[in-house]
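Participant: Position chains B, C and D against the provided structure of chain A, taking the given hints into account.
Protein chains: 4
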Amino acid sequence: MSNQNPIFIPGPTNMPDSLRAAMNTQTSDHRAPDFQNILQPMLTDLKQVFKSDSAQIITFPASGTGGWEASVTNTLSPGEKVLVARYGMFSHRWIDLCQRHGLDVEVIECEWGTGAPAEKFAERLANDKQHAIKAVLVTHNETATGVISDIAGVRGAINASEHPALLFVDCVSSLACMDFRMDEWGVDLAVAGSQKGFMLTTGMAIVAASEKAMRATKSAQCPRTFFDFNDMLKANAIGGYPYTPPLQLIHGMRASLALLFGEGMDNVFARHHRIAEGVREAVAAWGFKLCAKSPDLYSDSVSAIYVPDGFDSNKLVDHAYNAYKVSFGVGLGEMSGKAFRIGHLGLLTDVMALSGIATIEMAMKDLDYPVELGNGVAAAQDYYRKTHVATNQEVA
Amino acid sequence: MSNQNPIFIPGPTNMPDSLRAAMNTQTSDHRAPDFQNILQPMLTDLKQVFKSDSAQIITFPASGTGGWEASVTNTLSPGEKVLVARYGMFSHRWIDLCQRHGLDVEVIECEWGTGAPAEKFAERLANDKQHAIKAVLVTHNETATGVISDIAGVRGAINASEHPALLFVDCVSSLACMDFRMDEWGVDLAVAGSQKGFMLTTGMAIVAASEKAMRATKSAQCPRTFFDFNDMLKANAIGGYPYTPPLQLIHGMRASLALLFGEGMDNVFARHHRIAEGVREAVAAWGFKLCAKSPDLYSDSVSAIYVPDGFDSNKLVDHAYNAYKVSFGVGLGEMSGKAFRIGHLGLLTDVMALSGIATIEMAMKDLDYPVELGNGVAAAQDYYRKTHVATNQEVA
Amino acid sequence: MSNQNPIFIPGPTNMPDSLRAAMNTQTSDHRAPDFQNILQPMLTDLKQVFKSDSAQIITFPASGTGGWEASVTNTLSPGEKVLVARYGMFSHRWIDLCQRHGLDVEVIECEWGTGAPAEKFAERLANDKQHAIKAVLVTHNETATGVISDIAGVRGAINASEHPALLFVDCVSSLACMDFRMDEWGVDLAVAGSQKGFMLTTGMAIVAASEKAMRATKSAQCPRTFFDFNDMLKANAIGGYPYTPPLQLIHGMRASLALLFGEGMDNVFARHHRIAEGVREAVAAWGFKLCAKSPDLYSDSVSAIYVPDGFDSNKLVDHAYNAYKVSFGVGLGEMSGKAFRIGHLGLLTDVMALSGIATIEMAMKDLDYPVELGNGVAAAQDYYRKTHVATNQEVA
Amino acid sequence: MSNQNPIFIPGPTNMPDSLRAAMNTQTSDHRAPDFQNILQPMLTDLKQVFKSDSAQIITFPASGTGGWEASVTNTLSPGEKVLVARYGMFSHRWIDLCQRHGLDVEVIECEWGTGAPAEKFAERLANDKQHAIKAVLVTHNETATGVISDIAGVRGAINASEHPALLFVDCVSSLACMDFRMDEWGVDLAVAGSQKGFMLTTGMAIVAASEKAMRATKSAQCPRTFFDFNDMLKANAIGGYPYTPPLQLIHGMRASLALLFGEGMDNVFARHHRIAEGVREAVAAWGFKLCAKSPDLYSDSVSAIYVPDGFDSNKLVDHAYNAYKVSFGVGLGEMSGKAFRIGHLGLLTDVMALSGIATIEMAMKDLDYPVELGNGVAAAQDYYRKTHVATNQEVA
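Residue numbers (the numbering used here), protein chains in the order written: chain A, 1 to 396; chain B, 1 to 396; chain C, 1 to 396; chain D, 1 to 396.
Chain A extracted, bound-state conformation:
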């Protein structure tokens, strides 16, 4: 038995029936000659989603974390220096991963709620005359704080000092939700997953690697087998994987791409923005504050919301689940207990979003939060009804 309420975690997302059906396929032979006809179009189409003409698309049967590990181990060698800013749990985890693989990680600590510090990067890189720094690692959408970062700005910072560092971007929770421009922003390694904007099950890590990143694989000394880029590309070229491929997710990804392209990527982004804005209107009506420091940092995938002093956001999330069987995200890391998160990515309609807002209102009232029932809902309703004409698209 499972409850049929939508979920409001920042991924995996609610999945459209059509994509569930696409993944629910019987086993077929991944070594058959026509498997190529399924695999190649997926790889080609994924490039469009990253907005890259020249990137190599590399998919692994793994979660997004596997994509991070693959990016690092295929392009870097133990002892090499990388530069990372820590402004949330996911940038934190990336730091940990690099350290475990023997990299020399230089961390710029930032306040949570801020984004990638382009200026600090610029300054640090300008001082790195020897080009000891081999890569700059950035989380595009920090899922822990609901902050979107300006990747073009980071690229500008790198270019300002003509620094040759690779630019790694974690776009797990932004790709296919918010605009991403690999070529224009000069991203060298972009990492995504199947379970967020693509609205599929967990199990496919997706890496896009620039030509420069691919060149780096030649000399990279970090050991790797399962996550080896070149093994994968060699096998893909003749229609397979180096091991058993995630067949059902490949079918699902093709269906997801057809769905997204059918809607139009700009419409997909507009839809995410509209749903997110409604949630933010509700937050404002409650008088609460987002973790994200300023509107340019607001994520359209997830909102992290501070609860008033004296309240425990973990209890709120627990209560919403126990009493109403609706899942929201807890505060992660230093936000544990202080903030909760509303995921609003992937399959979600204005109508579904309202049910989430209404539910958390009930949960807050149950716990004596200083909110009026219906207040946040009304703010979101007002926004949704005024904007439905322009952007309300049928989803899935």
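One or more hints might be untrue.
No distinction is drawn between identical chains; accordingly, a pair holds when it is met within one copy or between any pair of copies.
Unchecked claim - Dumping the calculated SDA-like pairs for lysine to any residue here, alpha-carbon to alpha-carbon at most 25 Å: (1) K212 with L43; (2) K234 with Q40; (3) K212 with E123; (4) K315 with N236; (5) K365 with Y383; (6) K81 with K212; (7) K134 with R100; (8) K315 with A32; (9) K338 with D34; (10) K315 with D29.
I should point out that these hints are in silico values taken from the structure, not numbers from a laboratory.
Facilitator: Showing chains B, C and D alone in chain A's frame:
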């Protein structure tokens, strides 16, 4: 592509994933010896839902209307008199059906919004000294007006004059939503369908026939083949149907019965009542009126709601669908344009109900109805949050 | 738990995954304005399958037997005479149905294993100077005997005496398996179902009615409500059904039509013929006889096969099921115990057919039939391998 | 569109409908408190399948190769020596993996078609007085050659010299197909996957680690993050994964375990053996040779079969796919062109197996192989029919 918003029509209902899975079975042989093991428990368990020890359960691959036709043609003969009260579209349709099959239909006209008129029935039957009236036909839950009728009261009216008329009850939109007591209420023919309280697809008409009703089949002269009770019972007894059975629905029905019994029928009724009460709180907060004349007539399956003078309820329903992709029921018959309906039966949670209430509020505001956004939602939230402890059960 | 072996009953058929997925849809609103966009194309496309330009397509949520009842009750009146030849269980059932609805049924008895007796029809109709006979009823594919009849020949017989009788054809187990030409053959009422050539679940009866048949509905006095043609057509015209439609089957039918048209109807027929021929080669290798008297009568949907004297075909079918979990058809009516049936319609490949042939061989050997293991299989293999180039089409 | 024929590759396997349904679940919250109730029983039940009381079960969202990498990197350090015998493609791949991760791999070359060389292991380990060898790596079922190895024998070889080396076993294509006894055989690391004996989609690597193996993780210096045992165990202990879990596969695994335990593991093994024996009877009837050198080496998961001299097994496999849409396995590595493989693991019935045998016979005849149609089929039929009483169990 289809929108993933819940629907708020008074059936077919939103279906739980588990029941969809149960119906999604590959073909198997309906003449195999073990088909019996699937069919017989379904028939036995259905008796419990009707609360009858002795009724015969007869299922047809048809919609509920087919069950009505079967009830009439198997127990009555052309020219025989039946007594029906018309208080909504579904009682109206039953009158039409009887007339087409050559019955002499005596109609008691009632105001829409009222229920079965036990007193008028009593009076009429007392005067029928010759017992010309062979059957009294009652709609338990009038889906057009959201009115539940007192079947025990009707039985009392029949018994008061010791009249031998059969009692036919349409419980299509009440069975497995609200209490139904076939034996206690002395119902002779009860007609239901798969697509309402059972949360399945349309395609199985379910008739429960008392011993008295079965005796009436011996002399009934209305022609019938597809809908013949005795052909069906004879075939069922040896493990089959007289023609190809609705195999997937039989699997689905067994899963539905397991789900309902797992929750407990009393909990099922309490859940329907709670969801319905929240909707009615919202209606009250808007200052609107239900079609049902008094609280004892309120249906827990569907609410029919008058819109204010000067507004067209059909336009409201259309607009909610076009702008927000959410379906509500239009007003039927004489309520067309004057009322809309919110179905709240089958798979529906408090959270899903709130999304429906929020949506219709937006639609009303768009059309300049005199409502405040969030008002109805807040009333429902307040009711749901105060009642969740006692009755919130996980569904499906 | 269910066994995953294919079934070899003459319908319902094995269903392709793609059609199961198409039917596995969540409830949507059948009164929504865009339901029309689903319903109308289905009705239009079905005309192509019947090869008719002018027929009305009428679909009921019922099994094929419901389609028969609808055909009879919508076009005839009690007491009217119809002419039927009995040459199998399904023509027999049609006779019974007509009698129950008060028709005067004149039966031409034919040996089982023969088809529709065009000459006897011609003779009888020529003698019916008063045109008392209102309809001639023919079973296109007699599922009990595996006999296909020459409908054009029957039409010739009717036309020879310029007789105005309507021509009713049961094409339940032939449509979308073997060629059917409603207009060319002058068929007035053709009855089919969802669970045979369309490879869907049971639950949609499909009737195609000629203009002449539609005119007959004006005067037909047989009572009907659920199965009323004109109620259905009136409701369809404004995008609905007179009651709850079989939504999932409508989605399934659209997918089935797309699948069939994608393959091409002539290829569909050729595929059925090829599969059937392989089965018949196996039968010949065993030295057994088909019930069908001559090759022109061989059905490409089902083969009815006499077992040798002294053997009980019912036991064979039981044993195949109990020992190997594979379902075949028993002999019906006067063929009970004497013949078994292999259904080879709908979703079936040469490879799947071989598994059925191999299984029944094992079952026969177990029961000491005079067959050599592998013999029938080899004959079918030989036929399939020699013919695969021309007609092997990917199915579903 | 996809063909509905069964596949005969050595995994992924045909999947039962019930397991496909179990995996087709909507997203739920993997951080919800009740996720624990799903995860823990899976981990506990998996121990039973490995026949271990004390092993830690560690599951990754990855394919089996990921499980190998995890085993190596969590328990060994760069430069350490491991001992491996190469007797097929999968042992070969394991050697490659170890080398990439900086291990010193000592390879014992064996003829393909033989199994793990217990005596050579014994000899080598006896000479390793310094205990430089840290691990012995064995492929339980070599999928390339259809050879099963005697793991108890290898353990005996290790114990004979009281050598402390860890014993790693790849049981990807044997677990839940053939008997496996982790504790009794003294296995330290056993690696399996979801897509073979468990009949699920690819995407879950399953590792069972002995207490000794877990101790080795404390000192192991190979870098790892995604595949870190202790991260996973720590997260599992509080009801989660260190990253997004493969939710649908977890549901699927629970259903698979219920299915396997319901049948009884010994019955599962007996079923695999019976299906395999039938295939081997067919091979004998064709006069062909298995790659496996002797009956004690015959795998019940897959048979690798030499084609006669002068024939190209790759062309045979291609032709079977192109002409009949049935997939078999090609010969891998040095068997390319010389042998083909019939996978007979997971969901497969005798009836399905016969269709595969019949198909490859047709394909061979098409390519002028010296075989008689029906010959191999007859041999398998004879075996299956004589053995059905004892072991024919309903599957899935």
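Participant: None of the hints should be skipped; say for each whether it holds.
Facilitator: Hints and how they fare:
1. K212 with L43: The answer is within: 19 Å in one copy meets 25 Å, while 43 Å across copies does not.
2. K234 with Q40: Classified as within: same-chain Cα gap 13 Å, cross-chain 39 Å, threshold 25 Å.
3. K212 with E123: within (23 Å within a copy, 50 Å between copies)
4. K315 with N236: between (47 Å within a copy, 22 Å between copies)
5. K365 with Y383: Both. Shortest intra-copy (23 Å) and inter-copy (12 Å) distances satisfy the 25 Å Cα cut-off.
6. K81 with K212: So K81 and K212 pass the 25 Å test inside one copy only (17 Å; across, 36 Å).
7. K134 with R100: both (17 Å within a copy, 23 Å between copies)
8. K315 with A32: Result: close only across copies, 12 Å inter versus 52 Å intra.
9. K338 with D34: So K338 and D34 pass the 25 Å test across copies only (23 Å; inside, 53 Å).
10. K315 with D29: between (48 Å within a copy, 16 Å between copies)
The structure fails none of the hints (numbered hints given earlier).
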